[in-house]
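K.L.:
Kindly generate the complete structure, drawing on both the sequences and the hints.
Which chain is which? The protein sequence lines are B and H, in order. Position one of the first sequence corresponds to residue 0 (numbering that gives the first Met the number 0), numbered consecutively onward. Position one of the second sequence corresponds to residue 0 (numbering that gives the first Met the number 0), numbered consecutively onward.
These are computed hints drawn from the structure, not numbers from a lab. Remember, predicted model here, so these are calculated numbers, not experimental data. C-beta atoms are modelled at their ideal positions from N, C-alpha and C, and glycine is treated no differently. Mixed in with the good hints there might be a few duds.
Some chain B residues near chain H, calculated using beta-carbon distances under 10 angstroms [claimed, not checked]:
#1 26
#2 35
#3 38
#4 39
#5 101
#6 151
#7 156
#8 161
#9 181
#10 216
Quick list of the computed label-pair ranges, beta carbon to beta carbon [said to hold, decoys possible]:
#11 H:40 x B:196: 24 to 30 angstroms
#12 B:234 x H:99: 45 to 51 angstroms
#13 H:277 x B:105: 34 to 40 angstroms
#14 H:320 x B:6: 56 to 62 angstroms
#15 H:68 x B:5: 29 to 35 angstroms
#16 B:145 x H:167: 53 to 59 angstroms
What follows is each chain in one-letter form.
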Amino acid sequence: MKLASKKAKVGFFSLSCCEGCVLAVLDLEEKLLQAFKQIEIVESRLLMEKVKPSALRLDIAFVEGSVVSKHDLNKLQYIREKSDFLVALGACATIAGIPGIRNALPPGLKEKIKRQAIKPIKEKVFPLTAFVKVDYLLQGCSINEQEFLDFLNKFLHGAKPRLQEVPVCFECKLRENACLLLKGEACLGPVTYAGCDALCPSQNVQCIGCRGFTNDANFESLDALFKEIGLSRKERYNLFTYFNQLPEQLKHLKGDR
Amino acid sequence: MNYVLSKEDLAPFLAQLSKRFQVIVPAKNDSGIVTFQEFSGQEVCLETERLSSPKKFFRPAKEKIFSFAKKKEGYEVKPVFDKTKRVIFGIRPCDTHALQALDELFIRYYGLDQFYSSRRKNTLLIALQCTKACENGFCQSMGTSQAVGADIVFTERGDEFFVRPETEAGRAILDRKLFKQTGDAEPSSKISCKVSLETHNLAENIYRGFESPVWKQEAERCLSCTSCTQVCPTCYCYTTDDEFEFGSGSKSSRFRFLDSCQLKRFTTVAGNHMFRASRSSRLRQFVLHKFSYYQENHGMQLCVGCGRCISVCPTKISLVEIANSIQKQVLEGAK
Numbered sequence: 000m001k002l003a004s005k006k007a008k009v010g011f012f013s014l015s016c017c018e019g020c021v022l023a024v025l026d027l028e029e030k031l032l033q034a035f036k037q038i039e040i041v042e043s044r045l046l047m048e049k050v051k052p053s054a055l056r057l058d059i060a061f062v063e064g065s066v067v068s069k070h071d072l073n074k075l076q077y078i079r080e081k082s083d084f085l086v087a088l089g090a091c092a093t094i095a096g097i098p099g100i101r102n103a104l105p106p107g108l109k110e111k112i113k114r115q116a117i118k119p120i121k122e123k124v125f126p127l128t129a130f131v132k133v134d135y136l137l138q139g140c141s142i143n144e145q146e147f148l149d150f151l152n153k154f155l156h157g158a159k160p161r162l163q164e165v166p167v168c169f170e171c172k173l174r175e176n177a178c179l180l181l182k183g184e185a186c187l188g189p190v191t192y193a194g195c196d197a198l199c200p201s202q203n204v205q206c207i208g209c210r211g212f213t214n215d216a217n218f219e220s221l222d223a224l225f226k227e228i229g230l231s232r233k234e235r236y237n238l239f240t241y242f243n244q245l246p247e248q249l250k251h252l253k254g255d256r
Numbered sequence: 000m001n002y003v004l005s006k007e008d009l010a011p012f013l014a015q016l017s018k019r020f021q022v023i024v025p026a027k028n029d030s031g032i033v034t035f036q037e038f039s040g041q042e043v044c045l046e047t048e049r050l051s052s053p054k055k056f057f058r059p060a061k062e063k064i065f066s067f068a069k070k071k072e073g074y075e076v077k078p079v080f081d082k083t084k085r086v087i088f089g090i091r092p093c094d095t096h097a098l099q100a101l102d103e104l105f106i107r108y109y110g111l112d113q114f115y116s117s118r119r120k121n122t123l124l125i126a127l128q129c130t131k132a133c134e135n136g137f138c139q140s141m142g143t144s145q146a147v148g149a150d151i152v153f154t155e156r157g158d159e160f161f162v163r164p165e166t167e168a169g170r171a172i173l174d175r176k177l178f179k180q181t182g183d184a185e186p187s188s189k190i191s192c193k194v195s196l197e198t199h200n201l202a203e204n205i206y207r208g209f210e211s212p213v214w215k216q217e218a219e220r221c222l223s224c225t226s227c228t229q230v231c232p233t234c235y236c237y238t239t240d241d242e243f244e245f246g247s248g249s250k251s252s253r254f255r256f257l258d259s260c261q262l263k264r265f266t267t268v269a270g271n272h273m274f275r276a277s278r279s280s281r282l283r284q285f286v287l288h289k290f291s292y293y294q295e296n297h298g299m300q301l302c303v304g305c306g307r308c309i310s311v312c313p314t315k316i317s318l319v320e321i322a323n324s325i326q327k328q329v330l331e332g333a334k
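P.N.:
Structure (structure tokens):
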């Protein structure tokens, strides 16, 4: 998109999630008002007084939440068709996140939930990428507000936004934190994408992978390290599947549950 | 002429300096790590063990290098140089050698990197010799255990410092009331490192082990977490990116960011070609750059033996162990 005299038309949409990511956008307050010099919100349940589905074509659609039902899928496909650029917002949309825990549940429990829930698709929870072309990912639970602004700014100036693609350890070292792994705590920092400014490890809390696994994660080595630290198979399984889907390399953690 | 400063007088000396300079000292941060931070009366940490280096004052993680704005004709570009008058107290000998290595690249070899040299020119270094070996350091092997290129060199001696000014600028900041002249000989700063690296023909021997199976064996443990390159006082690789402000006619800035050779992204070039796709080839690049390539291109080692990369590795990969075992292999194979 060129630095336009016309304002960019933007929509925010929520599938199955807590709506925390759009709330994080609202948290920008003053800074969001600055952005309004260049954007116009035409569709959003949370950001607009009156909600009416707009027939207008969108320059950018921000979509949060996972696809868990037929209803979600229809909505996603409708959004994709009318948007030039689609951004997946937050852990649910990018890696199935918290709703995705359902995929890792033991079968008995899954049946029990299924009876009570709305019609699921193929019994599984999916990120947006499973169904439509996603142009950009803003990861995290919830998203990093500054990263959202940086993306929007770049996009509006016609620059190509670039994914961070560095692990949390990269930013954690820049903040000069004591390494949790070296202290004997299980931290997913080495295999998780940064962009959060190592928020959790900086508060002495282990990383649980909300920004998704890196494209270069050495799962086998980290798993061996967790084992050495003293984590049981179940604990390791739970940690690796907290936000993420179990990677192929760690199938052995599944056991006979 | 040399001087003596009582340890009690260190804080008053630094406080005095901070009226004219931004004074940087080693001190513990919230997570208990000794880091270089601005002096504001906090306790100066004289421990030898430290994971962070003063690299961030010369090669910051994020550095604005110029701003640009669109004009009627073309662009207006304004470079940004950090001209802060700075004094770094307590820089260790290994880190002074690291600056020599960076000077070679950014001042002598590249012509002149003004962003770097501006920081360098405006910073005074007060080195602190080591009187005790740190856990993983191997500066003895690398010949980097004595400070070089500092303005003043401090050596601990009981409850005082022995002070040797090296430059005019260094001599000028010594307060005559606090610093007492002495005719004593400089106390010994000879240490015995616990870790040692075989350095005879190091550059050549390691390069000969390019195809060694050791790289792959060690890389199996490597998490590609980039911790080693982040704490390394000489790792300088960077990438650039732009930031914008909202609104038309807006101002924009270009930034330089620290990057890491251990990342897939770093080795990805146009057309998405990845020239070091495997983890072992990236680990090998790190070690060869330190020991072989820099020697070949600049006639000096890029590794200063501080041992931080060993201390910080979650899976305990040691570049000394790698280098020693490869050299052993190469030399045995040559017999």
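K.L.:
If you test the structure against every hint from before, which numbers come out violated?
P.N.:
Per hint list: 1, 4, 5, 15 and 16 violated.
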